[in-house]
Amino acid sequence: MFDVPVGQGPVHITLRMGPKLTRPVPAEVTEALLSAQITATAGERGGFQLAFDLTKNGIINRALLPEGFFDPKTRIIVTVTVKGTSDVLLDGLIVRQEVGASNQPGHSTLTVTGEDLSLLMDLEERTDRYPNLPPSDRVLAILRRYSDYGIRPDVYKEKVSQPPHQDLRVHYQTGTDLQYVTELARANGYTFYLEPGPTPGQSSARWGPEIRLGIRQHALNVNMDNNSTVDQLTFSYDGTAREEPQARWQDPGTRVSTLLPQPPISPLRPPLGRRPTPALKRRTLTGTAKQQREQAEAELLARAAVSADVISGSGSLDVNRHGYILQPRQLVGVRGAGRAYDGDYYVKSVTHNLRPGSYQQNFTVSREGLEARSAYVRP
Amino acid sequence: MADIEPYENALDAIPGAHPYPRSSRYHDAEIGIHRQPDGTEVRYTKRRLLPPLGQPDQLDQLDRPGDEGRRHTVGSGDRPDLLGQRYFGDPAQWWQLADANPVLDPRELTDEAGKVIEVPLPGSGGERRV
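Residue numbers (full-length UniProt numbering), protein chains in the order written: chain A, 1 to 379; chain B, 1 to 130.
Looking at chain B on its own, in the form it has when it is part of the complex (with noise of 0.2 Å):
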């Protein structure tokens, strides 16, 4: 048969058919597909929307002993990346702090010791779609 499939990297050649990887914020972002006035596809990601803030399951609320785990207060050499390894166990999960407390440069969110950030639990990081 030669209409196999594409064993080595045929979506190569297709410019956004490569999904982002799960640990991506952009895993669940939309493909769109751009058609220029000659015929051309031109394949882009979608704007991103931040998951819904401060509106966690009420019940989620209840079964809880305190905001423990949920807040951290920054101290004096935060950095996100540090604190995505401390709360996530990778760095470069530290959009899922930048989502959390809406900022628009990362580094507003450690700047200034003595600020208390909102740490978003595991597994609920907003709508994920496969």
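Looking at chain A on its own, in the form it has when it is part of the complex (with noise of 0.2 Å):
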């Protein structure tokens, strides 16, 4: 099975590519698609780079490449099926190509470089008011200007209700609106991202918190002799990541400042491992004492749910071996890492090396405890 090339085996790639519609692309650029990395992270903007082979005769060199087909802000979709059953893993702009062109004869090589669709949210700095509007309803606002890349909305009402008023407040964006998309979601606990799929050219604007809940993917297996499905995995614990901040807030009326309570993390991050960390530092936040009191206790929950994953893990696995592509961003079980680490884990990031031949992954996982919850995982 490890020996087929991918496009034979039992891993096939397709690629569509267009300036913002796209169609599938010559078989000949497929046949010349040298290798594929992606990366996928929560709360960043996405990358890949794909390497070509350049054929000096080729439909490539002579035809499709002089005449724009691989041109910066060109739309490629990348579509994996394992097993018959296909994922997007990529709907992203190029931008940047580099050419190798190289003495010995099957060695020059294109090198197309670029960012998933949030490139295009950050492409133009705006200035805009949003009078009366919360958080959520901004995003929606910003978002809908780019549906004609097949961006749907998935935003979802913040945690801590701020209700604006026009009188008091009207919010500006400066900058692009990716910047001002990504700091609404830091000061609400929330993360921003685009997930491509479920059909190539369609893609969903994630502005809600970590997926921390439902069907766990299929468990990573380590150290499990012939059952294990993941190549290395390594641990480690920062007893000092997480922090206890700290915010002051000011009555505009009385001027009297309070220290605002510590809010309960678990509705933005429901717990994963049984025994939570103790929070070493305690750290104070500024410029909260002049915002309004809803704004200073979401920032507040936001500083001290993100801080909480203490405990992260990083490796790799064989996509044919594990038979499943790990999606990040989403739950998995890890069992055989003993007692203390074996459980549920929230997919930080994914990166996806294909080549022919193989598929490999290396990810990141985090949680904020040691030992499983529950006493058996998604097999």
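There's no promise every hint is true.
Simulated restraints on C-beta separations [unchecked claim]:
{"id": "1", "chain 1": "A", "residue 1": "R145", "chain 2": "B", "residue 2": "P51", "range": "25 to 33 Å"}
{"id": "2", "chain 1": "A", "residue 1": "T234", "chain 2": "B", "residue 2": "Y20", "range": "32 to 40 Å"}
{"id": "3", "chain 1": "A", "residue 1": "D154", "chain 2": "B", "residue 2": "E112", "range": "42 to 50 Å"}
{"id": "4", "chain 1": "A", "residue 1": "T286", "chain 2": "B", "residue 2": "Y44", "range": "53 to 61 Å"}
Per the computed footprint, the stretches of chain B lying under chain A, defined by three or more beta-carbons under 8 Å from a beta-carbon of chain A, are [what the hints assert, rightly or not]:
{"id": "5", "region": "19-31"}
{"id": "6", "region": "88-100"}
Hints are computed from structural coordinates only; laboratory data are not their basis. No residue lacks a Cβ here, since even glycine has one placed at the ideal position from N, Cα and C.
Since each chain comes alone in its own frame, lean on the hints to assemble the complex.
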């Protein structure tokens, strides 16, 4: 199974390219694909790098490259089918291309690098005012501009509701749309990212809490003889990563400043480990005194939740052996790592490495405490 | 917090709340709710419609050199599950062949040697929704 090249074995890769609407690429382009590396991270922009074989008289060198088939801002969609089930791995835009011409035949390559569709939101700086709109409605209003790229908003109401007062404060956007949306997400303890799929040409823009609920993915097995699917898995436990933020808020009427109570973070981050790590550091947030009270509370909650993940693991797996693609930004079970580190984890980021004959994934997972909460994981 | 989430399987109590696995043909089927006269709710999987047949992407057609790899001539000893293993790497994916060549009984696909059946391209399995 491992010797069959991609495209003829159980793993198939499909490329679609085009300016805004995409179409399947000519067969020669798929055949010339040497390697693909695709990164997806929670709360950050995804990237990709594809390398093509640049034959001297091939169709890429002769026609496609001069005609602008690989120009910047060309949209590219990569779909991978494992055992007849297809997944959209990437929906992005080309940013740069590199041509390495070589004296040795067969060693000339074309490398295209790019980022996922959120690059579109980062191109243009904009100043805009959003009177009387709570943060989630502001995000919706921004995302509506990008619907012609098939981006559907998947926006959640903020946990600490912040009713706007037009006569007190009007919220202003400076900078690009992506900066503003990410800033709003961070102030509420949310993440913002684009999830490609489910069909090619669509993607959903999630502005909400990380998905730490629901169905787990198929478990990662390590140290289980021939049942193990993960090549290696390293865990690190950083005790100083968690901090307890403190915020003071001043009442504009009475000028009395009060220390805000510590909010429970479980609505934003339901615990995955049985033994949560106590916070060693205590930090004071700046600038919360003059905000509205709800805003200060939301920021306190966000800071407490974001710093909660102290255990992080990283490893790599072979998709052919695992049998499934590990999806980022979802939960996965780990077994075989011992009583302390077994259990459910949140998949922070995944890097897909595809080349003919192999499909490897590097991943990082995280959670906030030792020991599993449940006695079993989904196999 | 008492209202945190169901770590074990809180969804188990609700019939039909579990989605079908990604590889299932019912993965995209809608889950309906039937309300009985006494008010209890029963969940059921709605009818699954086949993806439209015989109108592949025209651009798609232009770029393919011939029909190689898209058709299979049935030989003796072929079975739908063997073809599923051969073309998709998973014997449980035979239903993709049955979808592309609409037959009522999957055994009709391979019971006649010499018959030519369509093999759908990987990744073109109709409209998938999550």
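Let me make sure I understand: some of the numbered hints might not hold for this structure. Which ones are they, in numerical order?
Of the numbered hints given earlier, the structure breaks none, since each of them holds.
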